[in-house]
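With chain A held as given, fit chain B onto it using these hints.
Below, each chain spelled out in residue letters.
Number of protein chains: 2
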Amino acid sequence: MQKVNVGKKILSANAEFAMNNILLLAEHKVLCLNMISSPGSGKTTILTRTINELKDKIKIGVVEGDVQTDIDAERIRATKAPVVQINTDGACHLSAAQVNKALKNLPMDDLNLIFIENVGNLVCPSAFELGEAGKIVVLSVAEGDDKPAKYPSIFAKSKVLLINKIDLLSAGAQVDFDVERVKADARKLNKSIEIFLISAKSGEGMSDWYDWLIRSVEKNRQ
Amino acid sequence: MQKVNVGKKILSANAEFAMNNILLLAEHKVLCLNMISSPGSGKTTILTRTINELKDKIKIGVVEGDVQTDIDAERIRATKAPVVQINTDGACHLSAAQVNKALKNLPMDDLNLIFIENVGNLVCPSAFELGEAGKIVVLSVAEGDDKPAKYPSIFAKSKVLLINKIDLLSAGAQVDFDVERVKADARKLNKSIEIFLISAKSGEGMSDWYDWLIRSVEKNRQ
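So the protein sequences, as listed, match chains A and B.
Using numbering that gives the first Met the number 0, you'd call the opening residue of the first sequence number 0 and step up by one each time.
Using numbering that gives the first Met the number 0, you'd call the opening residue of the second sequence number 0 and step up by one each time.
Hints are not guaranteed to be accurate.
Heads up, the list lumps identical chains together, so a pair's fine if it works in one copy or across two of them.
Mimicking EDC-like on lysine to aspartate or glutamate, the simulated pairs with C-alpha atoms at most 20 Å apart in a straight line are [said to hold, decoys possible]:
no. : residue 1 : residue 2
1   : K190      : E52
2   : K100      : E15
3   : K200      : D145
4   : K156      : D88
5   : K100      : E217
6   : K158      : E15
7   : K28       : D108
8   : K200      : E52
9   : K54       : E217
10  : K187      : D69
11  : K158      : D184
12  : K187      : D88
13  : K54       : E128
14  : K28       : E179
15  : K158      : E193
16  : K56       : D145
17  : K103      : E128
18  : K79       : D207
Honestly, the hints are just simulated from the structure, not real lab data.
Extracted from the complex, chain A is given alone in its bound form:
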């Protein structure tokens, strides 16, 4: 009698697609970064500014994940970067299979870097590998400085932490946020995490993030 191990097959389906994505990205020498945060941390604004500022240096494409609507994809499209929209229709994270389909609809030969903008959710997306080279977690200062302690998984797994909306910390601002606490808590979970303080709105602090991206893309093409 033949035994079919259905349980194992289901469990590893995402991992198999993630492996396909790794191979596909390597074949085209494209760096892929999976951007994860709560709703409203500023992922799309970071992406549009980054694409516009780096358009002469890096060719960027975007896989745009949303529960509903194509509001974010429209914002990306305005930068002229190629973008593929995935609507999860209620699901709380992107799967590697969805990303595989999206990658195949991007002009990969013309790209150096693909951002996956995951569904706005600080919990679930951290558990699903998509075949990316690294995760980028975004935390807005308006969300409070206790988030690495309260949602440790994504901070433990990310290559980069972008602390966004630092313009709200300027003199006279009404947001309480202890940057040093966040840095210390994130580094307790993840010694090698790179941390950049940015305002995607004002542009403050973005140049260090751009330098990191340029270096990472360069390394990936070697």
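For chain B alone, coordinates are given in the frame of chain A:
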């Protein structure tokens, strides 16, 4: 041969516990509200201020849901309100079974109102009924005004929308947020949703929310 419909049983387990919770709450005439939002929208600050301001009028208890840590439960405990902590250990929402256990550890005979503070997540908790009388969705102005369109499920299902951190909209503030767009989008999904503009930090707008709570508790005790 006996047929065991395992699929159905698993699917309805949460609904069965939710029904138990409804009966338990009705027996004690306790109103139960399930508070849902992204991480960092201000749920705990809303609760601590509400408990302190209403302590002579309503006896409030809290079921505190978190992925990790008891940071929020400690903040509630400082108000002297009874609180039971649930750590989901990575899971992205509370289940009715977890809430059932927590309710049994609260002094229900001494309470008029129990808030469930769900895990910070705008997607998953909206799909799990806990036996509550109503859901309260919180949206901070720092998260942006496109959230009802992008995450419709929780706005469609909630009794109340609290638009929090309106102090960040004051003159000279750097947050762009079209209150009328949010109201219109939320009401398109949910005609009867009550909307309050508040700052749990400054206290602005909180009195209408308190009045709604007092009326709702009164109605529930009749």
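Exercise. What label fits K54 with E128 when the C-alpha limit is 20 Å: within, between, both, or neither?
Worked result: neither (28 Å within a copy, 47 Å between copies)
Problem set entry | K28 and D108: within-copy, between-copy, both or neither at 20 Å Cα | Classified as within; 9 Å inside a copy, 65 Å across copies.
For this session: Using 20 Å as the alpha carbon limit, work out where K28 and E179 are close: within a copy, between copies, both or neither.
Result: So K28 and E179 fail the 20 Å test inside a copy (36 Å) and across (46 Å) alike.
Problem set entry | K79 and D207: within-copy, between-copy, both or neither at 20 Å Cα | neither (24 Å within a copy, 46 Å between copies)
Exercise. Are the CA atoms of K158 and D184 at most 20 Å apart within a copy, between copies, both, or neither?
Worked result: within (15 Å within a copy, 36 Å between copies)
Exercise. Is it within, between, both or neither when you check K103 against E128 at 20 Å Cα-Cα?
Worked result: within (18 Å within a copy, 38 Å between copies)
Exercise. At most 20 Å between C-alpha atoms: does K187 with D69 qualify within a copy, between copies, both, or neither?
Worked result: Classified as between: cross-chain Cα gap 18 Å, same-chain 37 Å, threshold 20 Å.
Problem set entry | Intra- versus inter-subunit Cα pairing at 20 Å for K200 with D145 | Answer is between; shortest inter-copy Cα gap is 17 Å, intra-copy 23 Å.
Exercise. Using 20 Å as the alpha-carbon threshold, which applies to K100 and E217: within, between, both, or neither?
Worked result: neither (26 Å within a copy, 54 Å between copies)
Exercise. When no copy is named, should K158 and E193 be tagged within, between, both, or neither for a Cα gap of at most 20 Å?
Worked result: So K158 and E193 pass the 20 Å test inside one copy only (6 Å; across, 41 Å).
For this session: Check K56 against D145 for me: Cα-Cα at most 20 Å, and say if that holds within a copy, between copies, both or neither.
Result: neither (36 Å within a copy, 31 Å between copies)
Exercise. For the identical chains here, do K187 and D88 meet the 20 Å Cα criterion within one copy, between copies, both, or neither?
Worked result: Close across copies (18 Å), not inside one copy (36 Å); limit 20 Å.
Figure legend: structure checked against the earlier numbered hints; hints not met, in rising order: 1, 5, 6, 13, 14, 16 and 18.
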